[in-house]
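> So the chains spell out like this:
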Amino acid sequence: QSSSNQSGQQTTTEQTGANSNVIKIATHTPLSGGNAIIGEAIKLGAQMKLEEEASRFEEMGFTLQLEPYDDQADPKKGVSNANLIGADDAIYGVIGHFNSGVTIPSSEIYEKYNITMVNPGSTATDVTDRGLKTVNRIVARDDFQGPAGAQFAVNELGAKRIFVIQDKTAYGTGIADAFVAEAEKLGAEIVGYEGITVGEKDYNGVINQALNKKPDLIFFGGIYSEGGIIIKQARDKGINVPIMGGDGMDSSGLVDIAGEAVKNVYITSVAGDTSSTPEGKKFMDDYKAKFNKEAEAFSAYGYDAMGVFLQGLENAIKANGGKLPPKEAVVEAVRAITDYQGVITDVSFDEKGDNKNAKVYLYKFEEAKYPASYVGEVSQ
Amino acid sequence: MKEKLSMLLQKKSVQITLFTLFIIVTSSALYFSQKSVVSFLLLLSSLLILYYMNLKVVTKWLIALGLLFILIPFASSGGPAFHSYMEVATMVGIYIAMALGLNIVVGMAGLLDLGFVAFFAVGAYSYSIFATSQASNFMPFGEYPLSGSTFWGFLIIGGIMAAIAGVLIGVPVLRVKGDYLAIVTLAFGEIIRIIFNNLDRPINFTNGAMGIASITPPNLFGLEIIYPNQYYFIVLFILLFTIFAVNRLEHSKIGRAWKAVRENEIAAQAMGIPLVKTKLLAFALGASFSGIMGVVFAAKQQFIDPTSFTLLESFTILVMVVLGGMGSVPGAILGAALVTILNLQVLTELTNWLNQLSLQGVITIPDALTPAKLQRFIFGVLLVIFAIYRTKGLIPAKNKKFDVEQIKERAQKKAAISNIGSNDTDRVQA
Amino acid sequence: MNILEVSNLTKKFGGLTANSNISMAVKQGSITAVIGPNGAGKTTFFNMITGVYQPTEGEILLEGKSIVGLKPDQVAKRGISRTFQNIRLFGEMTVIENVLVGMHTHLRGNLLGIFLNLPNTRKEESEAEVEAYRLLEYFNLEPFINEKASSLSYGNQRKLEIARALATKPKLLLLDEPAAGMNPRETRELTEVIQRMGKEFNVTVILIEHDMKLVMEISEHIVVLDHGEKIAEGNPDEIRSNPKVIEAYLGKAALELEKR
Amino acid sequence: MFQEMLQTLPQVIIDGLTLGSVYAVVALGYTMVYGILQLINFAHGEIFMTGAYIGTAVLLIILGMGFGSSIPSLLLLIIALVITALCTGLLGMGIERVAYRPVRRAPRLVALITAVGVSFILQDVVRIVAEILTGNYIVTGPSLFSKQITIPVSSFLSVFNDASLKVSFFIVLICAIGMMISLDFFVNKTKWGTAIRAVSMDRETAALMSINVNKVIAITFFIGSSLGGATGVLFAIQYGTIDPYIGFILGIKAFIAAVMGGIGNIRGAMFGGFLLGLIEMFASANLSLLTGGIFGAEYKDVFAFAILILVLLFKPEGLLGKAATEKV
Amino acid sequence: MTVLEVNNIETYYGAIQALKGVSFQVERGEIVTLIGSNGAGKSTTLKSISGLAKVKKGAILYNGQDITNKQAHETTLMGISHVPEGRRIFANLTVKENLLMGAFSVKGKAVIEERMENVFTYFPRLKERMNQKGGTMSGGEQQMLAIGRALMMQPNLLMLDEPSMGLAPIVVEQIFEIILQLNEMGITILLVEQNAYQALSIAHRGYVIQNGEIVLTGTGKELAENEEVKEAYLA
Ligand SMILES: Nc1ncnc2c1ncn2[C@@H]1O[C@H](COP(=O)(O)OP(=O)(O)OP(=O)(O)O)[C@@H](O)[C@H]1O
Ligand SMILES: Nc1ncnc2c1ncn2[C@@H]1O[C@H](COP(=O)(O)OP(=O)(O)OP(=O)(O)O)[C@@H](O)[C@H]1O
Ligand SMILES: CC(C)C[C@H](N)C(=O)O
Ligand SMILES: [Mg+2]
Ligand SMILES: [Mg+2]
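Protein chains in written order, with our numbering: chain E, 1 to 380; chain G, 1 to 430; chain B, 1 to 260; chain Y, 1 to 328; chain L, 1 to 235.
Derived from the structure by calculation, the hints contain no laboratory data.
Check the hints yourself; a few may be wrong.
To be verified - Calculated pairs, DSBU-like style, for lysine-lysine (alpha carbon to alpha carbon, straight line, at most 30 Å):
| hint | chain 1 | residue 1 | chain 2 | residue 2 |
| --- | --- | --- | --- | --- |
| 1 | G | Lys277 | B | Lys171 |
| 2 | B | Lys148 | G | Lys177 |
| 3 | E | Lys263 | E | Lys288 |
| 4 | L | Lys96 | L | Lys127 |
| 5 | B | Lys252 | L | Lys127 |
| 6 | G | Lys413 | B | Lys252 |
| 7 | Y | Lys189 | E | Lys364 |
| 8 | L | Lys57 | B | Lys148 |
Could you build all of it, start to finish, from the sequences and the hints given here?
Set out below in structure tokens:
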């Protein structure tokens with residue numbers, strides 16, 4: 001206890017050093033491994049926002065710097081990086097992580113160092129349910145997303161016999177279970193519930209089971225790299241019923257992998273369709289121009305997460321009379337944000353750090369093209 | 001000139017002076033600069049230098065203890081990076097203990113085990129399940145989570161659980177030899193991980209892939225242990241015990257039996273060494289070190305899930321042992337320290353630095369080559385280079401040197417006392 | 001008194017009968033030689049006694065108790081030790097450590113004693129070192145104490161194997177071609193060592209050897225195998241002049257042996 | 001329950017054989033290198049992965065040149081296979097030269113470290129190249145032979161369901177079997193093959209037989225790696241999508257298959273590969289049926305590994321392996 | 001004509017110096033023997049010549065050509081065949097395959113067949129066991145195989161390291177006879193033997209090596225009668 005205060009005080013009192021007006025913000029996402037596309041997208045989005053705002057902060061007398069970290073989607077790596085981040089006096093905030101399994105243990109560390117986290121994509125309930133003051137997230141929770149998917153599947157698509165596959169990761173299990181609970185409540189029958197191994201490329205075994213059970217919908221809890229393969233192999237086997245998934249599948253990777261087979265796939269996502277608004281379109285164009293890459297859905301969340309953080313930072317600076325505020329002040333300022341208008345989402349945090357305006361979106365792939373077509377959205 | 005210099009360096013007094021100077025410089029650099037990984041690493045490397053100095057073993061140990069218990073924690077406490085240094089040091093300690101355990105199995109007994117991390121997992125889960133409400137899912141009695149003061153007991157329980165797992169796996173596995181053993185242990189390691197990953201159904205033992213969060217931190221006489229510097233000391237104590245035990249084992253009849261089995265099973269058997277028992281002991285002891293550290297790890301992370309116990313992790317520990325020098329205790333220590341520091345600190349710092357350069361426009365790096373993504377690559381290159389240039393390991397295993405004169409003296413003394421053997425010391429006619 | 005009795009011992013490898021119906025007895029304290037052409041089954045015979053191979057048929061009694069079915073380490077604990085035709089030292093270990101391994105079963109130290117460095121364990125270790133030293137001295141190997149076993153020359157490796165086998169304090173010692181790779185002079189020395197050792201360590205010796213000079217000089221009793229069968233048995237004089245043995249094994253060497 | 005299992009059996013067998021033939025050929029590469037250097041060449045999985053990328057690149061380039069569509073698919077495939085095999089063969093030789101030869105005299109496990117190191121390097125190099133060229137390291141190749149065929153099994157035996165397969169299934173299977181037969185012949189019947197085995201037992205003595213040990217080892221790596229690379233191409237065609245990390249898991253599985261069959265034994269590797277593929281497929285399709293839903297497909301590896309362990313317990317030298325007789 | 005000339009070679013195993021300046025030569029058609037006690041450096045000398053051990057100093061000439069530190073497969077290709085100590089049979093190859101490996105550099109099936117038959121006339125046991133794994137043969141049988149294998153390449157210079165080790169007396173005689181026969185056929189022979197009596201009795205010349213140095217030389221007969229040699233090696 002005492003030593004946390006100590007280090008907290010040190011961080012606040014030792015701001016007189018030579019580079020005291022440098023404020024670093026870390027992105028901490030998976031830059032390698034299976035989630036790297038999204039991890040990269042978040043990083044680039046955040047980078048873009050930071051660079052846009054840099055001159056403004058320069059005018060206020062502060063240099064913003066981005067410090068990207070790779071958590072490799074590995075909790076251990078995340079925690080040890082988090083300690084490095086904690087050690088860096090100049091780091092005020094973290095944009096990340098993506099995987100809930102990494103977010104949860106790493107945030108314990110940020111909490112100790114009063115480093116504000118704005119999370120652009122971890123949906124597990126435990127992320128905010130632990131009541132940490134530094135943890136904020138701008139997307140919806142699994143216990144909102146899963147049921148929303150189930151309602152759509154049962155009520156709109158009329159699914160009665162659902163076959164559920166999940167990837168046996170924290171995320172996959174979480175969303176699949178939330179989906180199953182709601183679907184059963186709504187009267188659908190779960191005709192199968194199977195797990196797969198991440199990283200493999202042949203899921204025919206499980207698909208054979210699905211084939212045999214003749215479901216009228218397949219739900220997959222997991223991410224695009226496995227989801228794409230499952231979709232493709234299922235279609236090869238002649239399974240033409242709708243396949244549904246969560247935000248983990250919301251990536252251009254899905255289309256790259258599944259190709260034409262992606263038709264008739266539905267996803268719920270915590271990420272909105274960036275192209276649906278003019279600001280969003282502009283964002284996507286700028287992004288493309290800047291990085292020579294199409295924006296992913298989560299690019300805008302990286303962008304907005306950074307935006308939210310910088311807004312909080314600015315508020316804190318102002319409240320501190322234009323001087324560098326203590327980290328605690330930034331923590332509080334970020335949590336206090338209401339009605340921040342981002343390119344993709346508006347943000348107002350509740351007392352746990354969840355975004356009151358977070359929505360779950362529904363998309364359908366009608367052709368082999370990303371992003372998929374917008375079907376609808378659900379707000380809390 | 002060169003010779004003179006090396007002569008000078010051989011001198012004890014010179015060595016000590018230089019060494020003291022080195023420590024003072026690095027530790028004060030560490031203490032006063034806000035964040036200097038370099039001085040932290042240099043300070044740590046003083047332990048390595050110490051190892052090579054020609055001082056009495058006892059003196060070396062005393063100095064080392066002083067460094068580890070007082071100077072290193074104190075010097076790094078100077079800046080805000082304190083906890084990150086202690087975190088790295090703690091992880092280093094955890095891996096060293098595991099490497100020492102695996103070194104018994106692979107280095108000494110010659111049994112290639114590719115599933116070693118399973119024992120770490122067993123230790124970690126045995127604490128996590130009982131230090132959270134997880135246990136109430138299947139325990140008919142008791143109240144969970146257990147309090148943090150049970151942590152100390154769990155250190156032993158975790159060790160024992162891992163040892164039991166080692167024996168359970170060992171009994172069937174030891175029928176197979178060589179690389180077949182490697183693959184069977186690999187399979188067992190994976191089986192254990194997959195089972196932990198799926199044991200949320202039908203009864204929720206492990207909470208499956210969601211992992212176990214909010215693990216009760218240890219409690220020492222009412223003091224909650226949550227900071228890396230506190231864990232540092234816990235790990236240090238366990239580690240010292242481990243090193244002591246391993247050292248004793250190596251030069252005992254058990255250590256010799258392990259090596260004999262490694263060198264030639266048939267001859268070892270002919271010397272009356274029971275193969276299965278000897279190998280099982282290696283498995284069990286090696287596993288128990290790992291299990292104990294598993295408990296510490298779980299408490300420190302406050303969250304564990306099966307992704308911490310993958311095959312790659314087993315490989316990494318093996319790499320530490322082989323890189324250090326198979327069968328060599330100081331080697332395993334150095335190997336573990338090096339790989340851990342490299343992975344957790346140096347590579348990350350290096351990539352951060354490169355990243356700063358590219359942000360400042362000093363160098364331009366295409367996106368595909370973003371330094372943060374290159375850690376594995378760099379690690380791979382380093383592995384190959386190390387292995388090629390130090391083929392026998394960083395500190396190759398050395399056989400114990402027996403003091404011939406001393407033994408001879410004792411032999412003569414004994415011969416003088418007992419006249420029975422008086423004529424068998426006579427040489428055979430040459 | 002017979003320390004070892006073997007009856008109807010048979011070993012088949014697939015279609016090949018390496019030992020067939022061998023019976024013999026070895027007197028306590030004696031030196032017995034087993035000779036025979038290459039591939040006659042001598043080593044196989046040793047392998048069965050020491051538990052490396054299980055006999056297809058037959059009985060082996062050590063001091064009247066059957067040892068068939070025991071594992072090699074159990075056999076070793078009962079007091080049979082051996083050397084190997086193809087040297088099997090613990091190559092990466094030092095010379096003295098090799099001998100200390102031989103003492104394994106006689107050291108009582110347990111895990112606790114080792115961990116805590118208890119005085120008993122320490123004392124026992126230091127005594128073992130002295131004993132090992134003496135054994136090495138016996139074979140003129142003490143200059144190599146701290147060398148790796150694998151770096152010894154062939155002949156010295158053979159001697160070290162014998163020293164290591166003796167370290168187990170056996171009642172019965174089986175030597176498989178102990179003089180192979182030694183020159184006549186060294187062979188003579190070895191002959192003396194074996195003879196002395198038999199008495200001083202109170203150990204019964206069975207040896208396989210192709211050096212007839214050594215065999216004839218040393219053995220009280222000789223058993224001759226050919227094609228897995230026992231074709232002759234007797235004292236050196238009887239064997240020397242046995243026509244079957246001359247034809248199958250000795251050849252012209254018999255003449256030279258006669259001469260001496 | 002059994003009825004249900006029976007119904008899917010034909011499909012399970014087809015899928016199992018497909019996966020199995022990939023395992024089998026990758027296992028061959030392991031077995032060859034293991035046979036000669038007693039080295040578990042963990043980089044072999046990465047060579048396989050590199051092969052998949054090279055093959056895909058060749059196909060994409062040829063098709064991209066415009067006249068590609070006029071070339072028959074089979075010819076296209078053969079071109080891709082040959083080029084890839086050549087490239088990965090050379091790559092394998094290069095790896096041996098740079099990373100394994102210098103540690104040949106060192107303890108055996110040191111080479112394992114360089115192997116792990118090389119794996120990491122290859123993964124990242126391929127990732128970087130792919131990312132620079134295509135902007136994304138997950139690559140989906142052109143679809144060749146993707147026509148679906150349905151085998152009307154149910155019309156012969158009504159207990160079965162129909163099974164469907166892609167034309168590429170035959171190609172993969174035939175190539176795999178072809179490679180194995182020729183390799184088996186090469187190693188067991190030819191002079192160079194015997195030399196490979198001789199070198200594997202005793203390098204010094206082999207050199208005394210005027211065998212150029214370095215050359216033999218290089219050849220072994222060339223063959224093993226070109227097989228691995230070629231399999232990568234087949235894999236890319238059968239499964240479509242590749243990423244730089246496919247080599248690791250598949251490599252481990254293939255190695256397990258090699259061990260199950262009896263490592264160092266070519267027929268064993270092939271047999272082990274097919275067996276593992278079938279077991280896995282069977283397990284993931286039927287485990288929950290067999291256990292009433294308590295254990296699902298997520299336990300398929302546990303099931304497969306348990307069988308591996310059982311096999312080795314009863315036959316420690318692998319299914320087709322011969323117990324190495326060590327004469328005492 | 002000098003087939004082999006060894007000039008002052010020094011060979012090390014790591015830090016251990018095994019040869020401290022060994023010199024000798026072998027003339028065409030000779031049988032030359034090296035004798036010496038355990039650890040004297042006999043095997044190391046042969047290994048240095050065939051290229052299995054690295055020579056640090058000195059030179060080795062074969063037919064006038066410098067072969068110092070040539071690799072083993074190169075020296076064998078030049079006609080030097082080395083039968084190593086301890087047999088070194090390819091344990092998992094059959095007897096036949098072992099012999100075929102001996103003829104690795106030989107071209108032509110017929111030639112190989114013929115040579116194999118030739119080997120079988122010396123060692124009929126090998127013919128009986130053609131398809132047995134080399135590793136399961138008895139010690140003596142393995143020795144026969146090792147010599148037979150070396151004969152398959154019909155060397156110019158045959159170096160034998162303790163060929164009689166572990167052989168039955170009757171076979172030892174045969175081996176020495178075979179050595180003589182081979183020599184009569186024109187093969188030059190360098191023989192390392194512990195069986196010094198017999199070695200000296202068939203050798204034209206001999207060298208005594210001690211502690212890595214040549215200490216004595218002479219004809220076979222001279223050495224056999226030399227008092228020092230008798231004292232030190234013959235007993
Ligand atoms: N494990 C085995 N498998 C098959 N055959 C074997 C095995 N061990 C020994 N043999 C055969 O059994 C016979 C006897 O072998 P053994 O080693 O006992 O002979 P030996 O009398 O010791 O000969 P030597 O004097 O040459 O060492 C030989 O023909 C040998 O090939
Ligand atoms: N691999 C090795 N490593 C280290 N030292 C070795 C090695 N091989 C031989 N030596 C040493 O080199 C010296 C010469 O050994 P070498 O084998 O040449 O002797 P030798 O004359 O053949 O003896 P022997 O008759 O016993 O075979 C010995 O002192 C031996 O200990
Ligand atoms: C797709 C997943 C890897 C990310 C997910 N939203 C999570 O909470 O972990
Ligand atoms: Mg024998
Ligand atoms: Mg020798």
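> Work down the list of hints and note, for each, if the structure agrees.
Structure-based check of each hint:
1. G:Lys277 <-> B:Lys171: 25 Å, holds
2. B:Lys148 <-> G:Lys177: Status holds; Cα separation ~25 Å.
3. E:Lys263 <-> E:Lys288: 25 Å, holds
4. L:Lys96 <-> L:Lys127: Within the cut-off at roughly 8 Å; holds.
5. B:Lys252 <-> L:Lys127: Within the cut-off at roughly 25 Å; holds.
6. G:Lys413 <-> B:Lys252: This hinted pair is violated, its Cα atoms lying about 52 Å apart.
7. Y:Lys189 <-> E:Lys364: 59 Å, violated
8. L:Lys57 <-> B:Lys148: 25 Å, holds
In summary, the structure is inconsistent with hints 6 and 7 from the numbered list given earlier, while agreeing with the others.
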